[in-house]
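Asker: Sequence:
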Amino acid sequence: MTSPKAPITLNRPLQVKDDFVYKVGDAELHLPSLSYLKPGLIRRIRRLGDVDAMYTLLELTLSAESLAVLDEMDPDAYHELLDAWRTHSGVNLGES
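The opening residue of the sequence shown carries number 110 in our numbering; numbering runs sequentially from there.
Simulated from the structure, these hints should not be mistaken for laboratory data. Beta carbons: idealized from backbone N, C-alpha and C, even for Gly. Do not rely on the hints blindly, as some may be mistaken.
Unchecked claim - Restraint-style ranges between C-beta atoms, simulated for each label pair: (1) Ala186 to Asp128: 16 to 24 Å; (2) Asp192 to Tyr145: 13 to 21 Å; (3) Glu137 to Lys114: 48 to 56 Å; (4) Ala173 to Leu123: 28 to 36 Å; (5) Glu168 to Arg195: 17 to 25 Å; (6) Lys114 to Leu171: 44 to 52 Å; (7) Asp161 to Ala193: 19 to 27 Å; (8) Tyr164 to Val130: 13 to 21 Å; (9) Arg153 to Asp128: 14 to 22 Å; (10) Leu167 to Lys114: 44 to 52 Å.
Just need the whole structure built from these sequences, with the hints factored in.
Answerer: Spelled out as structure tokens, the structure:
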């Protein structure tokens with residue numbers, strides 16, 4: 110007698126649905142998870158390079174006040190925010 114076949118499962122990447130929340134001074138920034146973007150956002154950034162896609166995503170999802178906070182951040186603190194956003198989303202830059 111043979112045992113029943115196990116169901117076929119596809120390895121799907123981790124999807125984090127929760128927004129990323131980051132405090133900068135008195136401001137609290139809310140960004141969508143990079144692994145669970147709405148189809149409309151993906152459609153708008155699909156043909157852009159990585160840098161253009163990231164800034165377009167920031168501009169589409171943050172308020173003018175939040176963008177002003179980002180614009181005034183120390184570059185090292187800004188890169189820490191981006192790293193934390195990627196980590197929260199389960200996304201990495203890969204290796205070259």
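Asker: A separate judgement is required for each hint: does it hold in the structure or not?
Answerer: Structure-based check of each hint:
1. Ala186 to Asp128: 16 to 24 Å: 20 Å, holds
2. Asp192 to Tyr145: 13 to 21 Å: Distance hint for Asp192, Tyr145 holds at roughly 19 Å.
3. Glu137 to Lys114: 48 to 56 Å: 50 Å, holds
4. Ala173 to Leu123: 28 to 36 Å: 32 Å, holds
5. Glu168 to Arg195: 17 to 25 Å: 18 Å, holds
6. Lys114 to Leu171: 44 to 52 Å: 49 Å, holds
7. Asp161 to Ala193: 19 to 27 Å: 21 Å Cβ-Cβ, so the 19 to 27 Å window holds.
8. Tyr164 to Val130: 13 to 21 Å: 20 Å, holds
9. Arg153 to Asp128: 14 to 22 Å: This hint holds: roughly 18 Å between Cβ atoms.
10. Leu167 to Lys114: 44 to 52 Å: 47 Å, holds
Figure legend: structure checked against the earlier numbered hints; every hint is met.
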